[in-house]
Amino acid sequence: MKAAAAARSPWRDPVIWLAVPAIVYLLVLYALPLLWLLTKSFIGPGGFTLRPYIDFFADPFNWRVVWNTLGIALWVTLACLIVGYPAAFALARAGAALQIAMLIAIILPLSIGVVVKAFAWQIVLRRDGVVSQLLVAVGIWDEPQRLLFTEPGLVLGAANIFLPFMILPIYSVVKLIDPRLLEAGATLGAAPLYRFVKIMVPLTLPGVVSGVAFVFSMSVSMYVVPSLLIGDRFQTLSTLTGRSFLFMRNEQLGSTTAVILLAMAVGVVVGSTWLARRLGGST
Amino acid sequence: MTLTEQLGRAIMWIAAIFTVVFLMTPLLVTVAVSFGSSSVFTLPPPDWSTRWYERLTNARGLWPSLLTSIQIAAFSTVVALVLGTLCAIALVRGRFPGRDSIATFLISPLMLPGLVIGIAMLQGFKALGLREAYSSLMIAHVIITLPYVVRTVLAALSLFDFSLIDAARTLGCSYPTAILRVLVPSLGPAFLTSGMFAFLASMDNYPISIFFTDAWTKTLPIQMLQYVEENPDPTIAAISSGLVLLAILALVVGDRLVGLRKLADF
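So the sequence lines, in the order shown, correspond to chains L and A. Sequential numbering from 1 applies to the first sequence in the numbering used here. Sequential numbering from 1001 applies to the second sequence in the numbering used here.
None of the hints are false.
Here are the simulated lysine to any residue pairs, SDA-like style, with alpha carbons at most 20 Å apart:
(1) L/K40 x A/L1112
(2) A/K1126 x A/D1214
(3) L/K40 x L/E251
(4) A/K1126 x L/T39
(5) L/K40 x L/L29
(6) L/K40 x A/A1127
(7) L/K175 x L/A96
(8) A/K1262 x A/V1252
(9) A/K1262 x A/S1186
(10) L/K198 x L/A186
(11) A/K1262 x L/R93
(12) A/K1126 x L/A31
(13) A/K1262 x L/A101
(14) L/K40 x L/I54
(15) L/K175 x L/F196
(16) A/K1262 x L/V174
(17) A/K1262 x L/L176
(18) L/K175 x A/D1265
(19) L/K198 x A/I1011
(20) L/K198 x L/D178
(21) L/K175 x L/L203
(22) A/K1126 x L/R249
(23) L/K40 x A/L1128
(24) A/K1126 x L/L29
(25) A/K1262 x L/L110
(26) A/K1262 x L/V173
(27) L/K198 x L/G185
(28) L/K175 x A/M1012
(29) L/K175 x A/V1258
(30) L/K175 x A/A1155
(31) L/K198 x A/L1007
(32) L/K198 x A/R1009
(33) L/K175 x A/R1261
(34) L/K175 x L/T204
(35) L/K175 x L/V201
No wet-lab data here; the hints were simulated from the structure.
Given the sequences, and given the hints that come with them, work out the whole structure.
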């Protein structure tokens, strides 16, 4: 009866008013400013214009910046996926002791600031740092090298900081999978690899999609990590946006790069939601 | 067990051990450096010393910025808990169109670049005539903390049996009392985890805060980054180790109250 009354006019249902404060807060202080930033970037002295974007993409340096951003984000996401996918399985299947060790190793860094972790990676990636010492000891490198302020160093540091965001969504899917599904596959004569690819992988895809979306969008927009691990030599859209507003006082350039960054992030969110819904519907 | 299965297991365990070592490395390195005597981060340290901790007492600007960060994080977390819970109740109980879109909208600040949100909000606040750093930071940080609350409380509420509230009312509770005595206690774990992560996210935020700080009002991450850039010595490692200790305490408390596995729910 209540539902029927509400269907006639949703505003009759008093519970809806509980949502109003939060929505108004976000609308006024967050959504409208974002829309304003977006709109303003398309308005020139004579009305609607694409001039800032045409100018931006006419400069080969800016193309480098876009490729830097996407390239680093891709490498970081790939690294996180390669380590995180099997690690999520291990987390779901491990015995109590290893599971607790893994949970601590995953959750503890999440509660520690990114400035702290990026600073730690400045130490780890030095010429006499842990990674360099390890690679020399194993024999991969003949002599110690500096990884700080290089692209591989940035990928390593960023992958470290974002890895939990890959493991946790995959883990949340893996732990719900009934292990008897694989046994059923075995009874029906499927080989192990075939079982994994045909049964396990499709079931974990929703987790993979959300993990990839998290890590990719965070790597595209990271600011503190590249500032500390690679410096001004290597610009990404995010660092260029920050620099144009904070140091160069070039609001025009900053707004343009901010909108491009925003478009990428929205693209990732919309794309991953669409994919997740499709995957959810098919399984 | 066939060879392929053994190989699969081996990959799984190697990834697990690598993950633990890899994720703990920055924390262990920070703590080791902070107790070392070397000022150039030599590892392993030539000798142990607590001199970087002694320097903390007179580190310029550190304690005020820590205080500012704690105040802003506490305020914005409380506001977010109230606004977010009310909104989550409406989204779960209400029968109006577009509830999924509203939920996505409320969680969206988590998924958009902080720097872009910061720039947009800076211009928005200017248009509203808000220029004071401290209050700007407080208002802005609610946008950071709200998504954590909405996400977790929404998930917890959708599992809550609302007929319990009707039961309490049949037994003579008024509606607000029923909410306070039945709903709020059963949402306790959700409040705790979301509040904790919201608080930490606010404490940690750099890309939004940077647009609202001035020479007198700085949050901890901004003060720390300035330190790293100006005089990179292990004093920063000592501060960081303090934060690691705080995070360990938070984790222990969280484990005691809701359990480690629950904290990993995403």
